[in-house]
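Here is what each chain is made of, one letter per residue.
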Amino acid sequence: MLDLFFLFGQKNNKVIFDVALGYLKTLQAQIVVAADLGVLKNEVFTENNESLADPELLMQEITSSMSALKQEHIDFYRPVCQKEAIDYAQEIKFSSYNRFKKVRE
Amino acid sequence: MFDKYKRDISRAFPNDSFYTVEIKESIARIIEAYIWRNPTVGYIQGFNFLVFRLRKVLDEEDTFWTLVMIIETYMPPDYYVEMYGVRTQASILQKIFRQYSFLPEVQAKFDDPTIQFNLMDNAISWFISLYTECLPEQASL
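In order, the protein sequences belong to chains A and B. Each residue of the first sequence is one higher than the one before, starting from 148 at the first, in my numbering. Each residue of the second sequence is one higher than the one before, starting from 80 at the first, in my numbering.
In case anyone wonders, no lab produced these hints; they're calculated from the structure. As the structure is a computational prediction, the values presented were derived from the model and not from experiment. Any given hint might turn out to be false.
Claimed, not checked - Distance condition first, Cα-Cα at most 35 Å in a straight line; then the derived DSBU-like pairs of lysine-lysine:
id : chain 1 : residue 1 : chain 2 : residue 2
1  : B       : 174       : A       : 188
2  : B       : 83        : A       : 249
3  : A       : 248       : B       : 188
As the list claims (entries may be wrong) - Restraint ranges, calculated between C-beta atoms of paired labels, are given here:
id : chain 1 : residue 1 : chain 2 : residue 2 : range
4  : A       : 222       : B       : 95        : 35 to 45 Å
5  : A       : 210       : B       : 178       : 36 to 46 Å
6  : A       : 247       : B       : 217       : 17 to 27 Å
No residue lacks a Cβ here, since even glycine has one placed at the ideal position from N, Cα and C.
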């Protein structure tokens, strides 16, 4: 994975999404049958999952995601998501400031 | 901040015998050096996994400079700063995943009221660690 970031990195911020989709595709069969959130967190989305042991298989899914996912999809949502991220950070800062103010009072 | 990363170091990859006390001390030095180098980014929980993976294949100094290169050259400039970039990317993933129905059965599972899997929260940790946290060693490097 790190090799992929070195290959594409700054030039193409799409790679992080391609990997996410490839990762979810690889785990799809297990996700669908998972009984609860605990199974998903502790047995599916874990580095010990044997379905992820073969980097070639994972790479195949990432490659197919690369063609399924278009840069336009990402660019369309970027402005609104950036705004959400900034608002969230401001909210966190504001609530920590208020907590600090309360303690001082 | 310094306490936080030390706690994270003691918890990461507990079953891997490569990470001896000496190696963990080395990882702590790398993270601490990065905090001093770039206090704007500082330390974010999840970062440690990336350093752990790099340290397994590189020496201490090379790990540090590779980390610097990843954060300051390869990733977008605001990626780690107050997590703007990471949160933005995770939010985009959540929206495109739902909007374009790439994996409808998976989406249905995430939306299942008895499961309530939050893709965004999980994607944040995948993105911070650049998947080094959730992939086995051979796939993450």
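Point to revise | Unmet hints by their number, sorted upward, for this structure | key: Violated hints (numbers, rising): 3, 5, 6; every other hint is consistent with the structure.
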